[in-house]
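Colleague: Protein chains in written order, with the numbering used here: chain H, 1 to 253; chain G, 1 to 268.
Just so you know, the hints here were simulated from the structure itself, not pulled from any lab data.
Treat the hints with care, since some could be wrong.
Here chain G is said to cover these stretches of chain H; the calculated rule only asks that three of the stretch's residues, wherever they fall, bring their Cβ under 8 Å from a Cβ of chain G [claimed, not checked]:
(1) 105 to 117
(2) 164 to 171
A few chain G positions that, by computed beta-carbon distances, are all more than 10 Å from chain H [to be verified]:
(3) G83
(4) F117
(5) P127
(6) G136
(7) K166
(8) L167
(9) M170
(10) Y174
(11) G175
(12) Q180
(13) V185
(14) V191
(15) A228
(16) Y230
(17) L249
(18) S266
Remember, it's a predicted structure, so these values are computed and weren't measured experimentally.
Just so you know, even glycine gets a beta-carbon here, dropped at the ideal spot from N, CA and C.
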Amino acid sequence: MTVALERGGVAVRNLSKSYPLNGEVRPVLRGMDLTVRGGEVLAIVGPSGCGKTTLLRLLAGLEAPDRGEVLIDGRPVEGVGTERAVIYQEPRLLPWLTVLDNVAFGLDLRGVPAPKARDRARHYIRLVGLSEFETAWPRQLSGGMAQRVGIARALTVQPEILLLDEPLGALDAMTKLTMQEELTRIWREENVTMVLVTHDLEEAIFLADRVLVLSSDGTPPAVIPVDLPRPRDRNASGFVDLRRTLMARFGLH
Amino acid sequence: MTLQSLDTPARKGRGIPAPPVRAFLSRYGLVTAFLALWQVSSTVGWVSPAVFPPLDRIAAALWTGIASGALVDDIAISLQRAGLAFGAAVGLGIPMGLLMGQLRPVERALDPILQIFRQTSALALYPVFILLMGLGETSKVFVIFWATLFPILLATIGGVKQVDRKLVEMAESYGATRVQVFRRVILPASVPAIFVGLRLSATTALLLLIAAEMIGANKGIGFQVMNAQYNFQIPLMFAAIFLMAGLGLAANGILVLLQRRLCRWSQD
């Protein structure tokens, strides 16, 4: 249990969650146990309906489990918390706020004085490379830029844990590759724990320390370590081997 | 990384700006032609000048009416009636709509009755209001209020209901309280929809104003239209009609301006 007590550490104990579907109760998570070390990147992959997004929402405190518990920094999760921030597939920017105000939104909600919140927001806007666009409206941004703003907004509240729900899933292939490198850089600079849900196996291997593979047919979850040095080379033999192993798990070649 | 909508700051609006004369003609050409046709047909005698007096006589009647103060009183009382009713509809409709839009059970319970009220012409109910409140100011203001309330109320409810749940969840994940979610997400997201209701209501208010002033009034622009027609002061009648149209345009213009100020984020 000591791992769960370190800063940014996550422990999941016997977690269960089910949803009603067409009149019957369908379990998506059955007694799951999981530990994420502080500062680690954990990727969660699996077919749709395997519960990967559900698990992330439970970690975020956006939903409550049927049984079991989530511990963060050793304390049980009850609802959302300031030490966690969620990044969604869509940027979810407020269209009536400028980039700067969107990024400062989380701090504004927490009652941080406006000038201080703006200062910190500017720092993270610079980190994601959008300093020129502080006064732009969200509708003026491309998809990749909007997603960067969403990431900056999450970083601005300086969370210990970033929960990413298919954050690059809606981006085009080129932007996606750039953003994966960007996420690696941010992770290194911010020393933050990342839990990343993705359906892109290569993305999981590129970013994660460990990959959690979930299934929808009741097969117990598997954790696959990624022992590759960063920055990772997608064409290195270790990378390719790991991708082959993971794809085989899903019956792909 | 491209930013198409920002790298062309010189071009405002759509397309290349047209030269001023052409821009004016493309927008107001038809109106100008219509007024010119009116003036010519009336002076030449294609139409009876007794029914369609030339525009200069209408303008003269308007000027006399305003200079003598007679029409000014009518404008004042009409604006007061429409303004009171519209103000009350805004003051009641927006807060009620904001509340109802967020409380599903309340909205569901009230929706059928609102739909019935909305579909019942306010003019058809005017006799009922006269019966209840007499033929004075109260029933006039009330019938306008009644007709303007529903567009505002329904537009506000609609605006609140269509707020993106994902934005609300995003705010909640940053620890927003219910009040913060309302003030920082639901309210700003509803503003464009509310303005649609306001503009619809402003038009309705002037429409109902004229109707109400045609029955049992002795002042007001609507009264002046009827009264001038009875007395066969046709230029004055048209002067009052044009005045009405002008008020409608002005009201809409003010609302559009206000909307632009409040919704800068949504404009091209």
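Colleague: Confirm or reject each hint.
Modeller: Results of checking the hints against the structure:
Counting residues of the region 105 to 117 of chain H whose CB falls under 8 Å from any CB of chain G gives 5; the rule of at least 3 is met. For the region 164 to 171 of chain H, the assignment as covered by chain G is violated, since 0 residues bring a beta-carbon within under 8 Å of that chain's beta-carbons and 3 are needed. At the 10 Å boundary, the C-beta of G83/G stays outside the reach of chain H, the nearest C-beta of that chain being 29 Å off. Listed as a non-interface residue, F117/G keeps its Cβ farther than 10 Å from every Cβ of chain H; the least gap is roughly 32 Å.
With 10 Å as the threshold on Cβ separation, the claim that P127/G sits away from chain H holds: the shortest Cβ distance comes to roughly 45 Å. At roughly 44 Å from the closest C-beta of chain H, the C-beta of G136/G stays outside 10 Å, upholding its exclusion from the interface. Once the 10 Å rule is applied to beta carbons, K166/G is inconsistent with being away from chain H; the minimum gap is 5 Å. Its beta-carbon lying about 6 Å from the closest one in chain H, L167/G breaks the requirement of being farther than 10 Å from that chain.
For M170/G, the condition that its CB be more than 10 Å from all CB atoms of chain H is violated, with the nearest at approximately 4 Å. Distance check on Y174/G: its Cβ comes as close as 4 Å (rounded) to a Cβ of chain H, failing to clear the 10 Å threshold; non-interface status is violated. Against the 10 Å criterion, G175/G falls within the reach of chain H, whose nearest CB is about 6 Å from its own CB. Distance to chain H contradicts Q180/G as a non-interface residue, since its nearest Cβ pair spans about 6 Å, not more than 10 Å.
At roughly 7 Å from the closest C-beta of chain H, the C-beta of V185/G falls inside 10 Å, breaking its exclusion from the interface. Some Cβ of chain H comes within 10 Å of the Cβ of V191/G; the nearest lies about 8 Å off, and the non-interface call is violated. Even its closest Cβ contact with chain H, about 48 Å, leaves A228/G beyond 10 Å, as expected for a residue assigned away from the interface. Separation of Y230/G from chain H is adequate, the least Cβ-Cβ distance of about 52 Å exceeding the 10 Å criterion.
The claim that L249/G is not at the interface with chain H holds, since no C-beta of that chain comes within 10 Å of its own (minimum 28 Å). Not every C-beta of chain H lies more than 10 Å from that of S266/G, the closest at about 7 Å, which undercuts listing it as non-interface.
Hint compliance for this structure: hints 2, 7, 8, 9, 10, 11, 12, 13, 14 and 18 are broken, all remaining hints hold.
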